[in-house]
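Residue numbers (the numbering used here), protein chains in the order written: chain C, 99 to 475; chain S, 6 to 303.
Worth double-checking, as some hints may not be accurate.
Rough simulated footprint, nothing fancy, chain S against chain C, three-plus residues with beta-carbon under 8 Å [unchecked claim]:
hint : stretch
1    : 204-212
2    : 249-259
3    : 352-360
4    : 373-379
5    : 403-411
6    : 434-447
7    : 454-461
DSS-like, lysine-lysine: derived pairs with alpha carbons at most 30 Å apart [stated by the list, open to error]:
hint : chain 1 : residue 1 : chain 2 : residue 2
8    : S       : Lys273    : C       : Lys333
9    : C       : Lys209    : S       : Lys273
10   : C       : Lys178    : C       : Lys100
11   : S       : Lys48     : C       : Lys209
12   : C       : Lys100    : C       : Lys157
13   : C       : Lys235    : S       : Lys249
14   : C       : Lys315    : C       : Lys333
15   : C       : Lys100    : S       : Lys123
Bear in mind the hints are in silico, worked out from the structure with no lab data behind them.
Here a beta-carbon is modelled for each residue, glycine too, at the ideal position from N, C-alpha and C.
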Amino acid sequence: MKFLEYEVKERFRAAGVPVPDGRLARTPDEAALAAGALGPIAVKAQVPVGGRGKAGGIKLAKTAADAKRVAGEILGMTIKGYTVKEVLCETAQEITRELYLGLTLDRDARKPVLILSAQGGMEIEDVAETHPEAIAKLHPDPWRGPLAFEVRDLIFRAGLGPLQAQLTPLVVKLYALARTYDALTIEINPLALTRDGGLVAADGKLEIDENAMFRHKDLHGADDSEEDPLEAEAKRRRLTYVRLDGSIGVIGNGAGLVMNTLDLVQREGGRAANFLDIGGGAKAEVVHSALELLASDPQVKGILINIFGGITRGDEVAHGIIDATRDLHLTLPLVVRMTGTREEEGRRLLQEAGITPEANATAAARRIVELSSGPTR
Amino acid sequence: MSILLTRESRVLVQGLTGREGSFHTEQMRAYGTNVVAGVSPGKGGTTHLGIPVFDTVADARRETGADVGGIFVPAPFAADAIMEAAAAGIGLIVCITEGIPLYDMVRARAFVVDAGVKLIGPNCPGLATAGEAKVGIIPNHITTPGSVGIVSRSGTLTYEVIQGLSQAGVGQTTSVGIGGDPILGLSFSDVLRLFKDDPATTAVVVIGEIGGSDEEAAAEQVIGRGFGKPVIGFISGRTAPPGKRMGHAGAIISGNTGTAASKLLALKRAGAQVCDTIEEVVAAAGAALGQPSSAAHR
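With the hints as extra help, turn the sequences into a complete structure.
In C-alpha cells form, the structure reads like this:
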C-alpha cells in the first residue's frame, strides 16, 4: 500500500521528523489562500508515482495569484495515469544541499537496510550506479534496531560528520516509523539542508507491506481507484493479476507456472495480455471469475489456460471453464492445457463441451498464438 | 540416500487440527511420512487423526522425539511458530504458510540462524524424498525414486519437473521447494551444497525465477566451484516487466537486479546447462544420467 506525499508527511510530522509547513488544496482558490498564509510556496501534485516534477506537476508560486494560476494548471492533469485531484502547497525552501535517507529491504542480506547518501534529490538506484561511494548503508539488528553509535558510524561513512548531531535522531526516528508502519520502503528524498542550517523532509515516500495490513486496519492508502481498472477489478475478485501489454490472456495456477506460460507464449511469437494466478485448490467459481475478467478486456484476442493439478482438480477447473464459456457467450479462441489431479475427468468434460485440451504447455502456447493471430480479430 | 528428509524422520505438524493441516497431514501419512505429533495450543492431550496433540512444540519434542516440523498455521502466527520450533530444537522446520509480514520473517530468520537449525520456506511447497517421506504439499502420485535432485522457488513448476521426469522414467532423490518470498530460510546455495555431498544424487535441476540474486550467488559460489555433478538450470519470468510483482512476493525485477537474463548468464558461466522449457529440462536431466534423450520427451 502506497501513500500520497501529504499523507506521508503527516506521519513524519507526528513522529518528530521536520517537514515544511503546508496545506492541502483541492481548488485553485484554496491554493491561493495557502499562499496568502504561507508566503511563497511550492505547489505539488499529489499522485502516488514518481517523476512528478518532470511531468510538470510541481511548480513554484510567489504570490496568491501565482498560486491560483499554477494550481489551476496542475489540478486535473494526468500523471502516469493518475488524475491530480489535490495539490500540496508548501512553504518554499531555500535549499543549500540535498541528502537522501531511506530504508528498504536488502534481499541479499536478508535484512532491512538503512541508506544514507550525501547525494539526494535523485533516485537512489541511480546514485548507486554513478556515485556508489556517496552511499553508506547500515543493516540494523532486526531485534534491537540501530544503536546510536552504529548510526553515528553510518553518518561518518556517508561523509556527513558535521551534520551528525542533527542526523542521528532523524535516522532513529525513520527506523522507528518503518517498524511502526511495517514499511517495505520509507524514504526522505530529498532530505534538505536549508539556508538556516536546518534539515527538513522536502519529499517523502512510504509503502506498507500488504502482508502486514492485518496490523494496520485503520490505515487507508492512496486512492487506487484510478489504477488500471482491470487490476482494480481483479483485486475485488481476489485474483492475483498483473496487466501486461500483449493480446493473449493467460490463466494458470501457481506463480512460477504462470510466469513460465507468459514466457512460452512469447517464445511462440505472441505476447501475453496479463499474468493471472488462480492459486492452489481453486474451485470452479474462481476459474469462472478469472475467465469473466479476461473476457472483459478488449485487448484480449485469445485465452490460454494452463493448469497443473496438484491440490487443484482438473474436473473443478473444467466445470469453471465450461460454465464461463456458456454464461459469457465466449467466442474468443480458447486453449486449455491440463495435467495432474483428475486430468482424465477434466479432459473428458472439456472434450464433451467441444474444447480440445492440450497435454503439453509448449504446444498449447503455439496453438493459442496461431488461433489469436487470425485476420478476423 | 537423499538430503534433509528420510522415512526415519519423525515429523511434527504445527497447525495439525486446522483445515489445511489436517488435509495435508493425511496426504503426508499416505505418502509414508512418519508423523509423530501435532501441536495446537489449547488442544494438548487430545488426538487428531490418531496423532497425539500437544500444547507446545517443546512438549511434543520431549514426548515423541520429533526432529522435523511442518508449519500450516495462518500468516499472522507463522513467524512465532517457526521460532517456537527453533527454540525447541527442531532441526528442520518447513513453513508452507504464505503471506508472513516481512519484519516478522526477518526476525524469525535471524532467530533460526542463531538457533543453528534449518528452515525451508516460507511460502513453499515443502520437500519430498521420493518413495520415503514428504513434508508439505507436493502431490503424492508424481514422484519416483531415483537420482535427480530438484531445488526450486516455484511450487507448480517443481511439480511439473517431477512429473515430467517420472513420466520419462527419470527418478528423483529429494525435491525441495525453497519458496517464493523475498526472505527465505535455506537458499539455492544451501540446498545445492547438500546435494553436492549426497552420493545418491547424481544430477541436480535448479528452477529459479526473477527477483533477488540468489540464483547468481548459487551459480558463482557453488555450481561454478567444482560442483562435480551436472546441473540443469531453468529461469521463469524471462518476459516479465520490471517493477511488477509476478504473484510471488519475491518475484520482482527492481531496477537492474533480479532479471532472468542475469540469472541465465550466471548459470551458464558456472557450467550449468540452461534450458528454455520444462520439456527441455526433463530431456537434459535424462541425458545427464546417460538415458537416451528421446525417452525424456512426452
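Hint by hint, here is what the structure shows:
| no. | hint | result |
| --- | --- | --- |
| 1 | 204-212 | holds (count 5) |
| 2 | 249-259 | violated (count 0) |
| 3 | 352-360 | holds (count 8) |
| 4 | 373-379 | holds (count 3) |
| 5 | 403-411 | holds (count 4) |
| 6 | 434-447 | holds (count 3) |
| 7 | 454-461 | holds (count 4) |
| 8 | Lys273/S x Lys333/C | violated, 38 Å |
| 9 | Lys209/C x Lys273/S | holds, 29 Å |
| 10 | Lys178/C x Lys100/C | holds, 15 Å |
| 11 | Lys48/S x Lys209/C | violated, 35 Å |
| 12 | Lys100/C x Lys157/C | holds, 23 Å |
| 13 | Lys235/C x Lys249/S | holds, 26 Å |
| 14 | Lys315/C x Lys333/C | holds, 17 Å |
| 15 | Lys100/C x Lys123/S | violated, 34 Å |
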